[in-house]
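Q: Each chain, letter by letter, is given below.
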Amino acid sequence: MLQIDVEACIGCGVCESTCTFGAIKVEGGVAVVGDSCTLCGSCVDVCEVGALSIKREEKATQGNLEDWSGVWVYAECRHGRIAPVALELLGAGRKLAEKRGVALSAVLLGSKLNGMAEELIAYGADKVFVVDDPALASFTDDAYGNALSALAKKNKPEIILAGATAIGRSFIPRVATTLATGLTADCTNLAIRDEDGALLQTRPAFGGNIMATIVCPHTRPQISTVRPLVMKPLARDAGRKGEIIAANLDPNTLKPRVKVLESVVEDLDRVNLSEADIVVAGGRGLENEKGFAMIRELADVLGGAVAASRAAVDSGWIPYPHQVGQTGKTVAPKVYIACGISGAIQHLVGMQSADTIIAINRDADAPIFDVATYGIVGDVFEIVPKLIEKFKERKSA
Amino acid sequence: MKIIVCVKQVPDAKDVRLDPKTNTLSREGVQAIMNPYDRHALEEAVRLKELHGGTVTVVSMGPPQAEEMLREAVSCGADEAVLVSDRAFAGADTWATTYTLSQAIKKIDDFDLILCGKQAIDGDTAQVGPGLAERLDIPFVAYVRKINDCTANTIRAERLMDDGYDLLEVGLPALFTVVKEINEPRIPSLKGKMKAKKIDIAKMTAADIEADPEQLGLKGSTTQVVRVFSPELKGERAMLGGTSDEQVAQLYEKLSPLL
Ligand SMILES: Cc1cc2nc3c(=O)[nH]c(=O)nc-3n(C[C@H](O)[C@H](O)[C@H](O)COP(=O)(O)OP(=O)(O)OC[C@H]3O[C@@H](n4cnc5c(N)ncnc54)[C@H](O)[C@@H]3O)c2cc1C
Ligand SMILES: Cc1cc2nc3c(=O)[nH]c(=O)nc-3n(C[C@H](O)[C@H](O)[C@H](O)COP(=O)(O)OP(=O)(O)OC[C@H]3O[C@@H](n4cnc5c(N)ncnc54)[C@H](O)[C@@H]3O)c2cc1C
Ligand code: SF4
Ligand code: SF4
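Heads up: the sequence lines are chains C and E, in that order. Per my numbering, the first sequence starts with residue 1, numbered consecutively. Per my numbering, the second sequence starts with residue 1, numbered consecutively.
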């Protein structure tokens, strides 16, 4: 509970303007807290007279946290392919492991995994736990969850990272529940706290409107799902040495209660978008379908993929798989060109880790310019055709 | 078929905006609504009931104000509503939330199917569905976009994946989370609205669900929020000026080496 010392409170209202959740208000000269308080502690830090405190009846620490050591990455693979996010997590995990002075391990679950463990070592793993079993040929929450839980119980890692993909976000919550520990969803930043070595997990919430940093203080492992395309993989080094451990699990743990009858791959368009080096994106500023055709043409001459804001998708100018943002794809291309997109935070979270961002918008105050490497204030109908011409010339030259 | 739908009251994210100066969410006129994904879960439950018979019970853990949302759920076709509400639940993370909901569901009677939304648009974790299934020890399927077939003991359903979809067969009881593609929710009927006005919403406190106080709310949570802040944006903001021809020429210079 948030405690308010009404004697000390001077009714200055600083807490009210700090609270992101609108939970605390000054009424009749003193602060009053309501039900929407999440106990985030922001107001406690800003109250100059120290009128606020959070009474934390701390959860009892479960066992000896020191017994848990090492950083693990769940290396997702599906349809015979290692998910790119697994390599990104090995890059992020390497840094955490070095800071903690522990080993980095990957966990590989599936069937017919030949050569994949070596690949994970080349990307930074010191150890790879492999469960290669026909029962893991298709993804099921039961078999995958039981396998990862069993391995974690036995080997006691302090941190487990997994991609915030359809698969990761489906079965990792179950692993966290089985291990009776905390899980932070869809992280975009990970760091180790200097004082106590705790994992600081930062994630967007409220549709990307706010960021929250979260810790898991009393239980281990600390588990995070991490958004794809945010972390950077290490360069592949085929000379790296590592240990491959074939794990034997009780066959009963791999029995799923859900039967996969069929597994269909579609939507290759979407895959292309997230792997393209150049992305040209259009928004409501294109005005109509014809305007949007200009975006496709620019993408074509640059050899890039086409993306869109939700406004453009909702207008029916381009299908949903092209949407970038909080409720669409996350992309991190070398170049992202945003045309007639205002730069709502829900759009920015999907593209702000692009290396170079170019914004073309006629409104000089559009928030898209805050993330832009280069900005042009101007009319898309004037700028884009000229740009297309220029690059066409270059192509034919 | 007995179906339970978990619904959460959330602030309408369309209206939630961050004020860059004060670093707070501007909440002017922000309404509390039913989590949009939960509407689809409720709709699917009502459709299953219409096809196969049975009952739909909506359950929410939240403050007393959530009662209004539960009435709305009844107007959209739910038969019963349960509000799990207690000061002791405040500050719950998903671990404490799934504990609380599982204790409440154990009190509600038996069930064949539990439906949840894919995620709540405020906390955005998508962890409550799978965590709850594990607590209740029943099979779980995420991102259900279509229920193809349903018998007394099994369901066939399609699960949306990053690269396509899976067709699955699941024995009941089970828990699914649903995506928006699954259906188009109906608007309340007049009859539904009348029923919603009169219905007695069952209330459960921490004592009613026989909860272990150590597992509830902030105290029972495994995660702790240590800082909340607005997303920082890091553009270099080099503005290319001049006439449109000059702007395009500069951009061409900058872009060419990157291609
Ligand atoms: C929960 C939630 C999730 C969301 N998820 C997403 C998401 O995944 N992706 C997403 O993109 N959005 C998402 N949104 C919507 C988002 O908030 C914005 O509404 C949306 O991104 C706006 O799209 P836009 O920039 O194309 O349109 P607008 O905001 O209308 O901007 C159009 C811009 O074009 C400029 N313009 C107009 N005409 C011209 C011209 N002739 N030349 C140059 N510039 C011009 C205008 O100055 C303006 O800045 C989400 C919203 C919510 C609430
Ligand atoms: C900024 C912020 C960040 C947070 N980050 C985390 C985190 O990383 N990890 C964590 O464990 N907790 C986190 N929490 C706490 C979390 O939001 C709460 O535990 C919340 O009660 C449930 O999570 P959710 O909103 O993400 O729901 P989701 O798991 O996204 O909801 C999925 C579905 O579960 C059902 N459901 C969810 N809540 C209820 C309810 N109260 N009653 C009935 N049905 C419900 C609905 O059907 C819903 O569609 C965070 C909270 C805040 C404010
Ligand atoms: S900041 Fe402190 S003194 Fe000011 S109103 Fe809030 S509680 Fe009272
Ligand atoms: S603790 Fe956080 S949510 Fe609660 S009143 Fe203070 S700032 Fe608001």
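To be clear, the hints were calculated from the coordinates, so they are not data collected in a lab. Small disclaimer: the values here were computed from a predicted structure and weren't measured. Be aware that a few hints might be false.
[Unchecked claim] Here are the simulated BS3-like cross-link-like pairs (lysine-lysine), alpha carbons at most 25 Å apart as the crow flies: (1) C:K259 to C:K95; (2) E:K180 to C:K259; (3) C:K395 to E:K254; (4) E:K254 to C:K390; (5) E:K198 to C:K392; (6) E:K254 to C:K386; (7) E:K198 to E:K107; (8) C:K156 to C:K95; (9) C:K259 to E:K146; (10) C:K55 to E:K180.
Q: Now tell me, hint by hint, if it's right for this structure.
A: To see whether the hints hold, each was checked on the structure:
Our distance criterion of 25 Å between C-alpha atoms is broken by K259 of chain C and K95 of chain C, whose separation comes to about 38 Å. Restraint check for K180 of chain E and K259 of chain C: the C-alpha separation of about 23 Å stays at or below 25 Å, so the hint holds. About 17 Å separates the Cα atoms of K395 of chain C and K254 of chain E, which keeps this hinted pair within 25 Å; it holds. Our distance criterion of 25 Å between C-alpha atoms is met by K254 of chain E and K390 of chain C, whose separation comes to about 13 Å.
As the CA atoms of K198 of chain E and K392 of chain C are separated by approximately 69 Å, the hinted pair breaks the 25 Å bound. With a C-alpha separation of about 15 Å, the suggested pair K254 of chain E and K386 of chain C falls inside the 25 Å cut-off, and the hint holds. For the hint linking K198 of chain E to K107 of chain E, the alpha-carbon distance of about 23 Å falls within 25 Å, and the restraint holds. Of the pairs offered as hints, the one joining K156 of chain C and K95 of chain C holds, with about 19 Å between alpha carbons and a cut-off of 25 Å not exceeded.
For the given pair, K259 of chain C sits about 16 Å from K146 of chain E by alpha-carbon distance, which is consistent with the 25 Å threshold. Among the hinted pairs, K55 of chain C with K180 of chain E is inconsistent with the structure: their alpha-carbon atoms are about 40 Å apart, more than 25 Å.
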